[in-house]
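We have chain A; now place chain B onto it with these hints.
Chains as they are written, first to last, in my numbering: chain A, 1 to 161; chain B, 1 to 393.
To be clear, the hints were calculated from the coordinates, so they are not data collected in a lab. Keep in mind that this is a model prediction, so the values were computed, not measured. Careful, some of the hints might be misleading.
Stated by the list, open to error - DMTMM-like cross-link-like pairs, simulated, lysine to aspartate or glutamate; straight-line CA separation at most 20 Å:
(1) B/70 x A/94
(2) A/146 x B/77
(3) A/67 x B/344
(4) A/2 x B/255
(5) B/70 x A/70
(6) B/230 x A/48
(7) A/23 x B/344
(8) B/56 x A/129
(9) B/345 x A/68
(10) B/70 x A/160
(11) B/70 x A/152
(12) B/230 x A/49
(13) A/67 x B/73
(14) B/70 x A/147
(15) A/89 x B/344
(16) B/70 x A/140
(17) A/146 x B/73
(18) A/2 x B/254
(19) A/83 x B/255
(20) A/83 x B/229
(21) B/248 x A/82
(22) B/203 x B/293
(23) A/146 x B/344
(24) B/230 x A/50
(25) A/146 x A/70
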Amino acid sequence: MKTTEELHRLLSAQFGDETCELKPDEKVEPWIVVKPEVIRDVAKFLRDEDGLRFDCLMCLSGVHYQKENELGVTYHLFSTSEKHKLALKVIMPEDNAQLPSVEQIWKTADWYEREAFDMFGIRFDGHPDPRRILCPDDWEGHPLRKDYQVQEFYRGMKVEY
Amino acid sequence: MTDVKEKGPEVTLTLPADTGNGLKTQEMIINMGPQHPSTHGVLRMELTLNGEIVTKAIPHIGYLHRCFEKHSEAMNDYAKVIPYVDRMDYVAAMNNELGYAIAMERLMDIRVNDRVEYIRVIMAELQRVASHLLAIGTFGLDIGAFTPFLYCFIEREKILDIFEKASGARLLYNYIWIGGLMNDVPADFKSDTAAFVKSFRPKIKELNDLLSMNRIFIDRTANIGVLPEKVAINYGVSGPSLRGSGVKWDLRRDDPYSIYDRFEFDVIVGKGEMGTLGDCWDRYIVRVWEMEESLKIIEQALDSMPDDGDVQEAIPKKIRPPAGEIYCRTETPRGELGYYIISDKSTSPYRIKARAPSFVNLSVLPAISIGAMVADMVAIIGSIDIVLGEVDR
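Okay, chain B solo, but in the shape it has when bound:
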């Protein structure tokens, strides 16, 4: 019926011919997780092995399934959904709130003032740095580098202190509301954040010396778990995992939301410096340099942030959006977070669906882990940086 002009990208799940030494061994199925320390939560992998080589990997998810979508339908208030979206990606709660707030504001046609926008961007970028620090630290930890993990957590702690001063919470904030913020930032927010940016910048170099350029680390991550560009796009992979494959794609630049079009920053992509383009090391190094870009955005935002403005002036008394549908996406530390909201003019969403980046990124795992060693599985899972709270929602 349809005239197909070009074949789609080849996505085949077959073993490369050059793995193994030609000796036939007995096939073995082993179970990795759900309590395995390197699975970043409760992920179970069913691995079919030929000797030490993975011939098939099947992820089993759902251990953390709370179905926030069902809860939200019965909440009877759109604002009460925010604590639920916090708990999806619990290491980047600010970004989840921001995405939800922007989707609702577009649906209801609410404009927020500049002070709110700037505070939101600063918070979101601080959260991105904190989340990348955790991703980098635990990635190193998975591979056996214990010390960088502690260095990362010292810095992350400083960001959490800033969040705690503003919102009272350290992990799940409920800070960004539909139409505004929970409360204004404290008086010393600007100086605290500026001090953090100043102290953190040299730490990125230190981290590179400690971990990124470490010979053992490079040997464990370069040329492992190669994700080609075409495969990544076809699977819908987004965020640093997509950029690690050399695709210059960042929603903050390519589909700007909030006030991201006012800032100068680069989109970091992998270059295959240590091995093949799109390997674990590339995905890792993208996160490292993205922290630097986030610092640039924070500095620019601090410079031009207005000092006056009521952060709650646009918050609606009763949230009752007009009937309609919206799909709105934002860039979280893990990739494209989309909210699909259907409103039927009542006080709770008729249907809300979160397109969680970790869920989609994890689905590429069976394709890129074929032919890897068992020990490399740990590196591959760590490099795509999943948060199981978001995978299972």
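In isolation and in its complexed conformation, chain A is listed as follows:
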């Protein structure tokens, strides 16, 4: 069982200080911010390294930080053998929201990455099936973005009732 601080030390030793940053949060739990280009390697390291064994991706959520013009992805990880938890975050600029997919590492990410694409327009490189999941394929815009405007007509039907 390791705390987020210990995990952060391990990650910076492996990937360098500049790629992962510890964000303390005295209220609930701290999280680690990781650079988008290394997320897949970090994920693989966290899953396979002895003493870490994060075999379960509990949740993957997109977040829109409107003030900073940024999009984020939060990974909540858990290890069924070591019983520790970790929150990882990737922050990207709004106009270039692109990061490697972790679908090959945790299959849970398959549908959750599709959902993050559908709701926020975040693109996951290397995802085998990058389609929308909840909205129709020809829907316009990404509903959970803070600046989302619903389209007026969808296939000739008025959307706003």
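For chain B alone, coordinates are given in the frame of chain A:
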């Protein structure tokens, strides 16, 4: 870059070699749903078939998508989110409310008194029994056993009566609030619940005689839709579907919330009694015996529930949590329900996300249905017990 010490679990979507009789038939794509009676709601499956054998199954979801996450951001009140979470998993609304209330209480650092905790646990476990009864009944119905469905619904009705007396509603309660309850339970709550527990216990045996040990039922469910342990964990499957694969994992025991650490109960796992470990029958029987465990918890809670205490004393006047993030998970009848809430110190959540167990459990369907017959698809969908309101949110 990274030194990979051990390969991850093999999760391949290929057809087993021994299916079919070697004869080549024309490939056919058929559409199952969204109005198919066995899909438990509006789920559409695109099945690619070789003869009668499924070679590929693609679920299409989103027919019930209401985006409660977007609504909640504009609600301007955290308490107004509760009716929305009710409508996610509409057959286990109490458990959804409990998860949300616990997440908010952790974020705001609210402690509720023992009476509230005990009432919540009793309600959540009654709801678990009701939800499992519905899952078992409709699973039997899917496979062609009509009678057990009616037996299950008679018992479920008694639970709904208890809920109706307490909250006024039979399906969507809005009963568990942030920091307390909508109102105290009626005076005869304890005796009603105790009477239900007493009358329900022999019914589990009756149900086993009627359905679980029925030869036709076993033939339809044993060795069908086998979900191996490693695959289940890698896909994030949780709840009875995970325990059916033999994984002893229950958040009530392994990551206790509320007051679950005060109760004695077993975590039921599948053993492969009728066929392979992790088949449809195992997932089914886990639900049956879990009802018995829920009854044990209810009995213990009834014994030690305090008679006094204001159920509304900890309810905050204005809900304005400090800025911060939380991921909080609870065990619902379908598995791990997590709420990821980001607060920016305002009166509505900046971002709220529900990690719905049905959504994740359904994503394993393409992996376990390959090589199954079309008729077995019905059994597989029924055995993972999805609620489409929760899949689409």
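Evaluation of the provided hints:
| no. | hint | result |
| --- | --- | --- |
| 1 | B/70 x A/94 | 19 Å, holds |
| 2 | A/146 x B/77 | 18 Å, holds |
| 3 | A/67 x B/344 | 12 Å, holds |
| 4 | A/2 x B/255 | 16 Å, holds |
| 5 | B/70 x A/70 | 18 Å, holds |
| 6 | B/230 x A/48 | 14 Å, holds |
| 7 | A/23 x B/344 | 16 Å, holds |
| 8 | B/56 x A/129 | 14 Å, holds |
| 9 | B/345 x A/68 | 17 Å, holds |
| 10 | B/70 x A/160 | 15 Å, holds |
| 11 | B/70 x A/152 | 18 Å, holds |
| 12 | B/230 x A/49 | 17 Å, holds |
| 13 | A/67 x B/73 | 16 Å, holds |
| 14 | B/70 x A/147 | 12 Å, holds |
| 15 | A/89 x B/344 | 17 Å, holds |
| 16 | B/70 x A/140 | 16 Å, holds |
| 17 | A/146 x B/73 | 9 Å, holds |
| 18 | A/2 x B/254 | 17 Å, holds |
| 19 | A/83 x B/255 | 9 Å, holds |
| 20 | A/83 x B/229 | 17 Å, holds |
| 21 | B/248 x A/82 | 15 Å, holds |
| 22 | B/203 x B/293 | 14 Å, holds |
| 23 | A/146 x B/344 | 14 Å, holds |
| 24 | B/230 x A/50 | 17 Å, holds |
| 25 | A/146 x A/70 | 11 Å, holds |
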